[in-house]
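Trainee: For reference, the chains in residue letters:
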Amino acid sequence: MQNKEIKFLEESFKKYYFDHFDLIHVPKRTSEREFGFQKFNSGMIRHISLKDDKELHLLLMQNTPSDVYCSNAYYSFPNQPMNEKDWKEADLIFDIDAKDLHLDCRQHHSVTKCNECNQISNTNNHCSKCNSTKIEIKSLPCKHCIDGSKKEVVKLLNILVDDLDVEKHNIEIYFSGNEGFHVYAYNSQFQELGSRERSELVDYIMFRGTIPETFGMKKLKPNRSLFPEFNEKGWRGRLSKEIFGSKSKRSKIISDLISDGYSNFQKRLENLSTSIGSQIDPNVTMDIHRIFRLPGSLNSKSGLSKVLCTDLQKFDPYSDSSFLNENTIEITANCPIEFKLKNKKFGPYYEEQTTVPTFAAVYMICKNLARIS
Amino acid sequence: MITLGKDEIAKYPFLADAGQYLKDKGFTLQQFGVDPDLKISLEKALNRVQVSADGKIYKSDLIDGEASKDYVLEREVFSFLLAIVLLKLTKMNTLIKRFALAEARRAEKYLEKDLANITDESKKELAVKIIDDLFSIQIKKQDDYFIIPISNYLKYSINFHEREWKLVNRHVGAGYVYLTPHETVRLIRKELSNYISSKIINAKMPSMILGFEEPVQKLILLSKKFATYTITTGEYPPCIKHAIEILEKGENLPHSGRFMLATFLLSRNQSIEQIAPLFKNAPDYNERVTLYQLNHLAGTSGSGTQYSCPSCEKLKTQNLCFAIPECDNIINPLQFGKRRK
Numbered sequence: 001m002q003n004k005e006i007k008f009l010e011e012s013f014k015k016y017y018f019d020h021f022d023l024i025h026v027p028k029r030t031s032e033r034e035f036g037f038q039k040f041n042s043g044m045i046r047h048i049s050l051k052d053d054k055e056l057h058l059l060l061m062q063n064t065p066s067d068v069y070c071s072n073a074y075y076s077f078p079n080q081p082m083n084e085k086d087w088k089e090a091d092l093i094f095d096i097d098a099k100d101l102h103l104d105c106r107q108h109h110s111v112t113k114c115n116e117c118n119q120i121s122n123t124n125n126h127c128s129k130c131n132s133t134k135i136e137i138k139s140l141p142c143k144h145c146i147d148g149s150k151k152e153v154v155k156l157l158n159i160l161v162d163d164l165d166v167e168k169h170n171i172e173i174y175f176s177g178n179e180g181f182h183v184y185a186y187n188s189q190f191q192e193l194g195s196r197e198r199s200e201l202v203d204y205i206m207f208r209g210t211i212p213e214t215f216g217m218k219k220l221k222p223n224r225s226l227f228p229e230f231n232e233k234g235w236r237g238r239l240s241k242e243i244f245g246s247k248s249k250r251s252k253i254i255s256d257l258i259s260d261g262y263s264n265f266q267k268r269l270e271n272l273s274t275s276i277g278s279q280i281d282p283n284v285t286m287d288i289h290r291i292f293r294l295p296g297s298l299n300s301k302s303g304l305s306k307v308l309c310t311d312l313q314k315f316d317p318y319s320d321s322s323f324l325n326e327n328t329i330e331i332t333a334n335c336p337i338e339f340k341l342k343n344k345k346f347g348p349y350y351e352e353q354t355t356v357p358t359f360a361a362v363y364m365i366c367k368n369l370a371r372i373s
Numbered sequence: 001m002i003t004l005g006k007d008e009i010a011k012y013p014f015l016a017d018a019g020q021y022l023k024d025k026g027f028t029l030q031q032f033g034v035d036p037d038l039k040i041s042l043e044k045a046l047n048r049v050q051v052s053a054d055g056k057i058y059k060s061d062l063i064d065g066e067a068s069k070d071y072v073l074e075r076e077v078f079s080f081l082l083a084i085v086l087l088k089l090t091k092m093n094t095l096i097k098r099f100a101l102a103e104a105r106r107a108e109k110y111l112e113k114d115l116a117n118i119t120d121e122s123k124k125e126l127a128v129k130i131i132d133d134l135f136s137i138q139i140k141k142q143d144d145y146f147i148i149p150i151s152n153y154l155k156y157s158i159n160f161h162e163r164e165w166k167l168v169n170r171h172v173g174a175g176y177v178y179l180t181p182h183e184t185v186r187l188i189r190k191e192l193s194n195y196i197s198s199k200i201i202n203a204k205m206p207s208m209i210l211g212f213e214e215p216v217q218k219l220i221l222l223s224k225k226f227a228t229y230t231i232t233t234g235e236y237p238p239c240i241k242h243a244i245e246i247l248e249k250g251e252n253l254p255h256s257g258r259f260m261l262a263t264f265l266l267s268r269n270q271s272i273e274q275i276a277p278l279f280k281n282a283p284d285y286n287e288r289v290t291l292y293q294l295n296h297l298a299g300t301s302g303s304g305t306q307y308s309c310p311s312c313e314k315l316k317t318q319n320l321c322f323a324i325p326e327c328d329n330i331i332n333p334l335q336f337g338k339r340r341k
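Here the protein sequences come in this chain order: R and Z.
Going left to right, the first sequence walks through residues 1 to 373 as my numbering numbers them.
Going left to right, the second sequence walks through residues 1 to 341 as my numbering numbers them.
By construction, these hints were calculated from the structure, which means they are not laboratory data.
For every residue, glycine included, the Cβ atom is placed at its ideal position computed from N, Cα and C.
Check each hint, because a few of them may be wrong.
Think about it this way: if two alpha-carbon atoms lie no more than 27 Å apart in a straight line, the pair counts; the simulated DSSO-like pairs of lysine-lysine are [what the hints assert, rightly or not]:
no. : chain 1 : residue 1 : chain 2 : residue 2
1   : R       : K345      : R       : K4
2   : Z       : K69       : Z       : K97
3   : R       : K168      : Z       : K316
4   : Z       : K316      : R       : K150
Pairwise CB distance ranges, derived in the manner of DEER restraints [as the list claims (entries may be wrong)]:
no. : chain 1 : residue 1 : chain 2 : residue 2 : range
5   : R       : E338      : Z       : V289      : 29 to 37 Å
6   : Z       : I220      : R       : E242      : 57 to 65 Å
7   : Z       : L4        : R       : H25       : 49 to 57 Å
Whenever a hint applies, use it, and build me the whole structure from the sequences.
Mentor: See below:
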């Protein structure tokens, strides 16, 4: 990204922050949190502590950051180096990202940008011009991607509430500002758990590491009565609904499972992990020292805001999280994928000059698919 | 402090105040080395340690957790206390660990029986109280199960490597894990054994007692048998090989993979200068950042913390594990290719 683009993004971001202080608040227990930010084309500045909204707004105005973050952890001394912070506890956080779902639609709205010659191509592992493998994949997620992510959120919510006993009013869902959702669970019994324990929760939520015995299948002398019933709690109940479908089919399917044998059942379980487990990013949930994108802030991968979703099903990120202004600007766009923002269609553009509203220009520049003319 | 009945002291001798018990019974340690009647207890103590060194559980003279005669019960407790004295005099940590584990497994049997006791409510309550007092685990009875909060369960279960202990393979509902009495006590075995070994390690060091020399010598000889030597093949485990391949192809290795690779190689005593070039092909390679991060991991910059290679379990969660049969029985990539001789 060149200076002209950075200046434009900084101005647009600053205007957003100035006009939308109402959307950007410090989280609860502010003084126990660590904050951090990044500026365009620069490293991370972290270990910052803030007192209130005023201090946050001042930070935004003085630094015009590209991204702003806040810890899910609570510390005694959040502005000290990591090993002196005195970690107390951390909210449970989850990141669901469309790119991890490997949906078929993705290839239709992804391009690669070569880091050596800047060529945009449709191949996905090397540059079509210079054959370099140093490429970045740029994806403009579609409605299908967002719907896919929503499904994963719903699966996650069910597990959190039914199995892990997290109360509904302690859960918040945010659109991440790019390709997915961030889910927070507050005040649960898991606040004080370390990274290894959280990794076990991750495997539980993702339905990974299962063994056939858990679901009644034994290596030797399988016993029909050990297979799960529909009304059972947790994964046994969920799995029985998934594989038996209806009560009338249960008996026949158990016979089939037994005759297919132990290792086939094991494979079946592994395959089911992507369909019945929730596809969260394991690293995010396991990390107890992370600084996570601050609600209300802009995502520099898109120029969209991280916003609270009060009605997940109705939520449309391309209209509900685009808050940048409508002033037009001339850009040279090389964005071969069509996209829609604030109910307006843009593109495809093939290395051409065009005049678009700021929110659309920022979107393409953030994706590295346009520059200021 | 838990108040114990006579039988309970024999079942759970590690809960008793050892010195006080001897005093209450009117004995001194010295008497056990010389008095022929009391020497039986010393022999029992030696046997108790020897059996545990063999990985077995000492067979006590209690029948169904109860002593037929008072002196049987006393001997049970004495032999435990004397075993500790012998272990202290022997000064061999490996014997202490084995003894603590065997004693934990012995107590586990009684705890399990007490938990499952439906006729005597007080026995069940005592077992529940022991578990709560020692390990702050609040267990509740629900139907045929004991239920414990998931967060409590995880604190202990993460130390198990068998898959059946993974939360996903447990009966879970409404924030609780459902366990049988057997599983409940199995869950705390490690802690029980840690509790017993810390009691032994923190016990006052006695000076040699007349009559104790011979059993101590026997135990020193016995412990020599446990010295082990390891040989290393030097081959990289599949997860590390895979990470290197990805980087060689110029593909993107996620942050967690880079962390694994760097910490692994640092632990194998490779220098930062040797490791840094591996990352040259990464799509986002930046020499300054790579060196900064490697120095950070090695502890030569920043907080000075030396980061260690993540466990196999963690790598599995991060999709970085590509286990092969040679990986059986290891829990960290650093153990790959190491064999005991």
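Trainee: Straight-line Cα separation of K168 of chain R and K316 of chain Z no greater than 27 Å?
Mentor: Cα-Cα ~30 Å, so violated.
Trainee: Does the beta carbon distance between E338 of chain R and V289 of chain Z stay inside 29 to 37 Å, or does it fall outside?
Mentor: 36 Å, holds
Trainee: Holds or violated: are the alpha carbons of K345 of chain R and K4 of chain R at most 27 Å from each other?
Mentor: 25 Å, holds
Trainee: Is 49 to 57 Å a correct range for the gap between the Cβ atoms of L4 of chain Z and H25 of chain R?
Mentor: 56 Å, holds
Trainee: Under the criterion that the straight-line Cα-Cα distance not exceed 27 Å, is the pair K316 of chain Z, K150 of chain R satisfied?
Mentor: 26 Å, holds
Trainee: Look at the Cβ atoms of I220 of chain Z and E242 of chain R and judge whether their distance stays inside 57 to 65 Å.
Mentor: 60 Å, holds
Trainee: Please work out if K69 of chain Z and K97 of chain Z have their alpha carbons no farther apart than 27 Å.
Mentor: At roughly 31 Å apart (the allowed maximum being 27 Å), K97 of chain Z and K69 of chain Z break the hint.
Hints 2, 3 from the earlier list are contradicted by this structure; the remaining hints agree with it.
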